[in-house]
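Visitor: Each chain, letter by letter, is given below.
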Amino acid sequence: MSEQTAYVEKRIPVFPRSVKGIFRNLKTTILIFAYGIYFILPWLPWERETGPNQTIIFDIVNRRFYIFDLVVYAQDIFWLAGFLIIGAFLLFFVTSILGRVFCGYFCFQTLWTDVFISIERLVQGERNARIKLARSDWNTRKYLLKGTTWILWLLVSFWTGLSFTLYWGEAGQLVIDFFTGQAPFPAYATTFFITVTTLVMAGLAREQVCTYMCPYARFQSAMFDKDTMVVAYDEIRGERGEARCKPTKENLPYDFRRDNDLGDCIDCGFCVQVCPVGIDIRNGLQYQCISCALCVDACNTMMDTIKYPRGLIKYTSEVQQGNKKHSWFKLKNIGYALSLIIVTAVLLTAIINRQGTELHVQQVRQPLYIILSDGYIQNRYSIKILNKQDKTQTYALTTSGLQHFRIEVKPSARFTLGSGEGLTVNARISVDPEGVEDEQQVFQFVLVNRGSNERIVVEAQIFLPE
Amino acid sequence: MSKEKQNRTVQTTGHAWDGDIQEFNNPLPTWWLWGFYATVVFAIIYWVFYPAWPIGDDYTKGIGNQIEYTTADGKHVTTHWNTRALYERELQEARDVREKYLATLKNVSYEDILKDTDKRAYALSTANVLFADNCAACHQPGGAGLAGHYPSLVDDDWIWGGEYVRIEETIRKGRNGNMPGFAGRLNEAQLSDVSEYVLSLSGHSKNTAMVKRGKRIFEGEAACVACHTMTGKGNSAMGSANLTDQIWTVANIKLKSEHDKNLVTIKNLVANGVSRSMPAWESRFTDTEIRMLTLYVRELGSSK
Chain A
32 MSEQTAYVEK
42 RIPVFPRSVK
52 GIFRNLKTTI
62 LIFAYGIYFI
72 LPWLPWERET
82 GPNQTIIFDI
92 VNRRFYIFDL
102 VVYAQDIFWL
112 AGFLIIGAFL
122 LFFVTSILGR
132 VFCGYFCFQT
142 LWTDVFISIE
152 RLVQGERNAR
162 IKLARSDWNT
172 RKYLLKGTTW
182 ILWLLVSFWT
192 GLSFTLYWGE
202 AGQLVIDFFT
212 GQAPFPAYAT
222 TFFITVTTLV
232 MAGLAREQVC
242 TYMCPYARFQ
252 SAMFDKDTMV
262 VAYDEIRGER
272 GEARCKPTKE
282 NLPYDFRRDN
292 DLGDCIDCGF
302 CVQVCPVGID
312 IRNGLQYQCI
322 SCALCVDACN
332 TMMDTIKYPR
342 GLIKYTSEVQ
352 QGNKKHSWFK
362 LKNIGYALSL
372 IIVTAVLLTA
382 IINRQGTELH
392 VQQVRQPLYI
402 ILSDGYIQNR
412 YSIKILNKQD
422 KTQTYALTTS
432 GLQHFRIEVK
442 PSARFTLGSG
452 EGLTVNARIS
462 VDPEGVEDEQ
472 QVFQFVLVNR
482 GSNERIVVEA
492 QIFLPE
Chain B
16 MSKEKQNRTV
26 QTTGHAWDGD
36 IQEFNNPLPT
46 WWLWGFYATV
56 VFAIIYWVFY
66 PAWPIGDDYT
76 KGIGNQIEYT
86 TADGKHVTTH
96 WNTRALYERE
106 LQEARDVREK
116 YLATLKNVSY
126 EDILKDTDKR
136 AYALSTANVL
146 FADNCAACHQ
156 PGGAGLAGHY
166 PSLVDDDWIW
176 GGEYVRIEET
186 IRKGRNGNMP
196 GFAGRLNEAQ
206 LSDVSEYVLS
216 LSGHSKNTAM
226 VKRGKRIFEG
236 EAACVACHTM
246 TGKGNSAMGS
256 ANLTDQIWTV
266 ANIKLKSEHD
276 KNLVTIKNLV
286 ANGVSRSMPA
296 WESRFTDTEI
306 RMLTLYVREL
316 GSSK
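Protein chains in written order, with my numbering: chain A, 32 to 497; chain B, 16 to 319.
Take these hints with a grain of salt, some might be off.
[To be verified] Computed footprint of chain B on chain A, listed as stretches where at least three residues anywhere in the stretch have a Cβ under 8 Å from a Cβ of chain B:
no., segment
1, 405 to 412
2, 439 to 445
[Stated by the list, open to error] Only pairs whose alpha carbons sit at most 25 Å apart, straight line, appear in this in silico PhoX-like list of lysine-lysine:
no., chain 1, residue 1, chain 2, residue 2
3, A, Lys51, A, Lys277
4, A, Lys441, B, Lys121
5, B, Lys276, B, Lys248
6, B, Lys134, A, Lys441
7, A, Lys363, A, Lys257
8, A, Lys415, B, Lys134
9, A, Lys415, B, Lys130
10, A, Lys163, A, Lys41
11, A, Lys277, A, Lys338
12, B, Lys134, B, Lys121
13, B, Lys130, A, Lys441
14, B, Lys130, B, Lys115
15, A, Lys41, A, Lys173
16, A, Lys441, A, Lys415
17, A, Lys338, A, Lys280
It should be emphasised that the hints constitute simulated quantities derived from the structure, not laboratory data.
Glycine residues also receive a C-beta, built at the ideal position from the N, C-alpha and C atoms.
Based on the provided sequences and hints, a complete structural model is requested.
Guide: Encoded structure:
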């Protein structure tokens with residue numbers, strides 16, 4: 032394409048080499064932990080009085096989310112906002128201090144790409160073998176190896192998609208229904224969608240997702256400062272005066288290098304070969320870098336082999352590289368931490384103090400008051416009661432704070448509600464306006480749980496004619 | 016590999032304008048191009064299965080996308096895919112669901128509907144919509160009524176009777192309420208006296224002399240008792256108002272306002288008479304709808 036203008040950039044394929052080391056182990060541990068949660072959780076049983084016996088199930092049909100012992104109703108959806116805010120601030124906080132930790136260790140794109148690369152390596156061999164295979168002509172062996180890789184990828188993708196679907200229905204039954212063609216259409220559509228996206232994103236697109244598609248990759252720089260930990264190459268030590276150079280018998284001993292002002296980097300390229308996004312970390316901080324630290328492992332392995340001190344590539348910050356004092360406590364970090372603590376506290380308080388019974392009183396305003404034949408003034412209230420406990424409850428609706436009044440509740444002031452059941456009753460309260468000067472009178476509706484004697488009190492008003 | 020990436024500077028398209036103005040070329044990523052091709056493929060598949068291309072006065076209908084539905088008039092329609100047909104089909108499905116519920120209400124007594132939680136909820140919520148569409152124009156949202164014009168349906172007084180049979184009759188046949196004006200037959204003083212008596216019936220009077228004279232006129236010359244009865248409690252069979260309670264549907268009597276004002280209001284009313292009417296709804300509602308409305312209106316009212 033020398034003089035020819037290219038309008039489409041061909042992807043340069045990346046064949047990451049495997050590496051051993053502390054960060055690789057950390058990544059593997061997190062991967063196993065995350066997969067363990069994701070794939071096993073829908074299969075764990077959880078005893079419930081009512082509702083499905085599954086640890087986590089998002090029951091869309093009955094508008095209820097079961098998460099361990101927590102049952103989330105549709106009206107509790109505000110908790111989701113809390114979770115999302117916590118998620119966002121946690122991300123900002125961690126990024127501000129430790130850089131792209133989420134990208135490198137926790138992001139599902141990273142995790143699934145990691146697994147797909149492992150499969151690739153398992154079937155086709157290490158980096159060099161894979162490059163050779165990619166460049167070779169199509170023959171039986173290439174078809175076989177590529178085919179096996181794709182089939183394994185497809186299996187992982189499918190199981191990923193199916194597992195996602197299992198969170199929305201009872202796992203055991205849903206799997207049986209799924210394979211016998213009895214499952215509802217959304218189950219198939221969801222599984223198909225997740226299968227295809229997993230296959231495309233982790234199998235084909237890979238680092239392009241992080242480079243081109245992910246918005247977080249691009250706005251992370253807003254959270255970075257000079258104290259943020261990044262994976263970086265120690266340029267002063269690696270290059271020294273005379274720059275990095277390939278090892279020879281003469282210049283390999285460490286003392287020789289230091290005395291002759293040669294860089295510690297022996298330009299082995301290991302750090303480039305292991306990089307899952309195909310960059311050279313020695314060029315400095317780059318937006319493509321997901322901070323997976325595999326180049327740290329690679330470099331340390333090499334340094335150990337040639338008996339150089341470790342840490343030519345390491346987690347460091349701009350400030351540390353300049354040998355200045357590193358500071359964690361910055362207004363920005365403290366702000367993120369504070370926001371995180373406040374939102375978490377608010378959310379936990381909301382969840383812990385959730386009521387087993389909801390009582391909502393709404394004044395009927397058409398008309399605001401009614402004059403009865405004996406001169407009493409009647410106000411009406413539409414009252415909604417919802418039993419959010421896991422057992423059937425019996426309730427009685429009464430009032431307090433009223434004198435000379437009549438109450439009538441339709442259909443009934445005493446009712447029994449099953450778990451998750453709701454009821455709307457109409458309460459009519461008539462008071463004697465004689466001797467009452469104010470146009471408004473405050474009183475309370477009291478809902479008594481006849482089993483536990485728990486009382487829920489909601490304030491209401493009576494309006495009288497002018 | 017990565018060397019190639021590093022060494023690449025930004026390309027230009029090769030054109031130069033005014034000697035030195037050049038255009039940068041930032042090539043698209045391949046995955047983006049594939050996304051574009053996918054939309055092209057999608058469009059072609061869409062053309063085949065959905066209405067797409069105009070041809071003269073007509074257009075391609077797409078294949079294998081028949082939609083069938085039955086209209087409200089019972090007409091069966093089969094057509095190609097379009098959003099209007101989808102909408103009609105949804106309406107048909109809603110009608111089918113409603114039909115099932117309505118069937119359960121047929122030939123069931125009012126008391127039995129009230130006893131059954133589901134039937135009660137369905138009847139009341141359906142009637143709520145019917146009421147808002149048809150009745151609320153006069154009787155106001157929630158049945159509050161409009162003082163002086165349309166009676167309130169939420170209080171505990173029923174001008175034409177509060178039994179289910181009577182309410183149903185009112186809705187079916189409509190009502191005509193008439194009270195003649197007494198302006199020519201009674202003079203000023205007599206009008207004042209009889210009005211004072213009317214106020215006294217509900218405990219709004221202080222002038223006993225006037226009340227005494229008024230009572231004679233009420234029972235004698237003006238013959239108010241013919242409709243309002245001797246006790247003044249009215250007669251729901253003919254829709255004459257109960258004058259002894261605190262509910263005023265025609266005269267706008269404020270409980271706490273001054274006596275003189277109230278007297279003038281009543282006097283004007285007696286002098287000019289009242290004429291109110293409600294149309295018949297028999298021809299506009301189905302039987303079940305009338306029964307649901309009857310139940311709803313009865314539930315709006317308060318118990319005595």
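Visitor: Work down the list of hints and note, for each, if the structure agrees.
Guide: Going through the hints against the structure:
Evaluation of the coverage hint for the segment 405 to 412 of chain A: fulfilled, as 4 residues show C-beta separations to chain B shorter than 8 Å, against a requirement of three. Figure legend: the segment 439 to 445 of chain A, annotated as covered by chain B; annotation consistent (3 residues with Cβ-Cβ distances under 8 Å, at least 3 required). Proposed proximity of Lys51 (chain A) and Lys277 (chain A) is supported: the alpha carbons are some 23 Å apart, at most 25 Å. Proposed proximity of Lys441 (chain A) and Lys121 (chain B) is supported: the alpha carbons are some 23 Å apart, at most 25 Å.
Distance restraint check for Lys276 (chain B) and Lys248 (chain B): the Cα-Cα separation of roughly 23 Å lies within the 25 Å cut-off, and the hinted pair is therefore satisfied. For the hint pairing Lys134 (chain B) with Lys441 (chain A), the CA-to-CA distance comes to about 15 Å; that is within 25 Å, so the pair holds. Note on Lys363 (chain A) and Lys257 (chain A): the hinted pairing holds, with a Cα-Cα distance of about 12 Å set against a maximum of 25 Å. With a C-alpha separation of about 19 Å, the suggested pairing of Lys415 (chain A) with Lys134 (chain B) holds against the 25 Å cut-off.
At roughly 20 Å between alpha-carbon atoms, Lys415 (chain A) and Lys130 (chain B) fall within 25 Å of each other, so this suggested pair holds. Distance hint between Lys163 (chain A) and Lys41 (chain A) is fulfilled; the C-alpha atoms sit about 19 Å from each other, no more than 25 Å. This hinted pair checks out: Lys277 (chain A) and Lys338 (chain A) have alpha carbons roughly 16 Å apart, not beyond 25 Å. Between Lys134 (chain B) and Lys121 (chain B), the direct Cα distance comes to roughly 11 Å. Compliance with the 25 Å bound is thereby established for this hinted pair.
For a cut-off of 25 Å, the pair hint linking Lys130 (chain B) to Lys441 (chain A) stands: about 11 Å separates their Cα positions. The straight-line distance between the Cα atoms of Lys130 (chain B) and Lys115 (chain B) is roughly 19 Å, inside the 25 Å bound, and the hint therefore holds. Taken as a hint, the Lys41 (chain A) and Lys173 (chain A) pair is honoured in the structure, with Cα atoms around 22 Å apart against an allowance of 25 Å. Proposed proximity of Lys441 (chain A) and Lys415 (chain A) is supported: the alpha carbons are some 12 Å apart, at most 25 Å.
Taking the CA atoms of Lys338 (chain A) and Lys280 (chain A), the gap is about 14 Å. The hint holds against a cut of 25 Å.
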